[in-house]
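Enquirer: Heads up: the sequence lines are chains A and B, in that order. The end of the first sequence is residue 115 by my numbering, with every number in the run present. The end of the second sequence is residue 109 by my numbering, with every number in the run present.
Calculated directly from the structure, the hints in this document are not laboratory data. Beta carbons: idealized from backbone N, C-alpha and C, even for Gly. There could be a bad hint or two in this list.
Unchecked claim - Anything over 12 Å on all C-beta distances counts as not near chain B; from chain A, calculated:
no., residue
1, Val4
2, Val12
3, Met15
4, Thr16
5, Ser65
6, Pro69
7, Asn70
8, Phe75
9, Thr80
10, Ser94
11, Ser101
12, Pro108
13, Gly109
Stated by the list, open to error - If you want a taste of the chain B side facing chain A, the calculated C-beta under 10 Å gives, among others:
no., residue
14, Thr8
15, Phe33
16, Tyr35
17, Ala42
18, Val50
19, Ser98
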Amino acid sequence: ETGVTQTPRHLVMGMTNKKSLKCEQHLGHNAMYWYKQSAKKPLELMFVYSLEERVENNSVPSRFSPECPNSSHLFLHLHTLQPEDSALYLCASSQATGVGSYEQYFGPGTRLTVT
Amino acid sequence: GQNIDQPTEMTATEGAIVQINCTYQTSGFNGLFWYQQHAGEAPTFLSYNVLDGLEEKGRFSSFLSRSKGYSYLLLKELQMKDSASYLCAVRDGNYKLSFGAGTTVTVRA
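Just chain A, with the same shape it has in the complex:
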């Protein structure tokens, strides 16, 4: 595996379900991100982890719960979602320390549909 991978690629869940999205980066980066992308809207940053500590939390509802067990893995736990949460959820990673442009590399995303 190379780059940033995400599973599952597609997910349909009811409002009472609990599910988790998984992200793994194979780039040796030390920062990881969750974004939400809805149609015709800008990417919205949800969470940032740097060196496994959460450093950004953009007023995301508590029905979204992130977890970063190590610098290569990131999870997004979902429970009691609403239909408006249907979107593409993108994971990204970057270097967070040292010299450089720190560009973010994105995974292919999980297309989530809440019914």
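Given the coordinates of chain A, work out where chain B should sit on it, guided by the hints.
Expert: Below, chain B alone, put in the same frame as chain A:
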């Protein structure tokens, strides 16, 4: 708050040049990025500007004027595969990227 504006759609002919403008008003500035996103795929990094001026990378160039809060992405010798959404993003610290809504470029034969 952050405000990043770019045109919604642009259409151009194969072989032509297209310029995508981006204006921004942000609380801080630590670099401007351009990403390309094909339908149903992940955004991919195209360019990064932190100092004023032009950065050229093959058929793609990006320009930045910090005093004007303005950037553009120039796509030369357009190819059909360049049909995609182009995202302008501003970093205002170490991590946080604020994105524009994206410009959908359609290349016609």
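Enquirer: Determine for every hint whether it applies to the structure shown.
Expert: Hint check:
no., hint, in the structure
1, Val4, "violated, 8 Å"
2, Val12, "holds, 17 Å"
3, Met15, "holds, 25 Å"
4, Thr16, "holds, 29 Å"
5, Ser65, "holds, 20 Å"
6, Pro69, "holds, 19 Å"
7, Asn70, "holds, 18 Å"
8, Phe75, "holds, 18 Å"
9, Thr80, "holds, 28 Å"
10, Ser94, "violated, 8 Å"
11, Ser101, "violated, 4 Å"
12, Pro108, "violated, 5 Å"
13, Gly109, "violated, 6 Å"
14, Thr8, "holds, 8 Å"
15, Phe33, "holds, 6 Å"
16, Tyr35, "holds, 8 Å"
17, Ala42, "holds, 4 Å"
18, Val50, "holds, 7 Å"
19, Ser98, "holds, 8 Å"
In this structure, the hints that do not hold are numbers 1, 10, 11, 12 and 13, in rising order.
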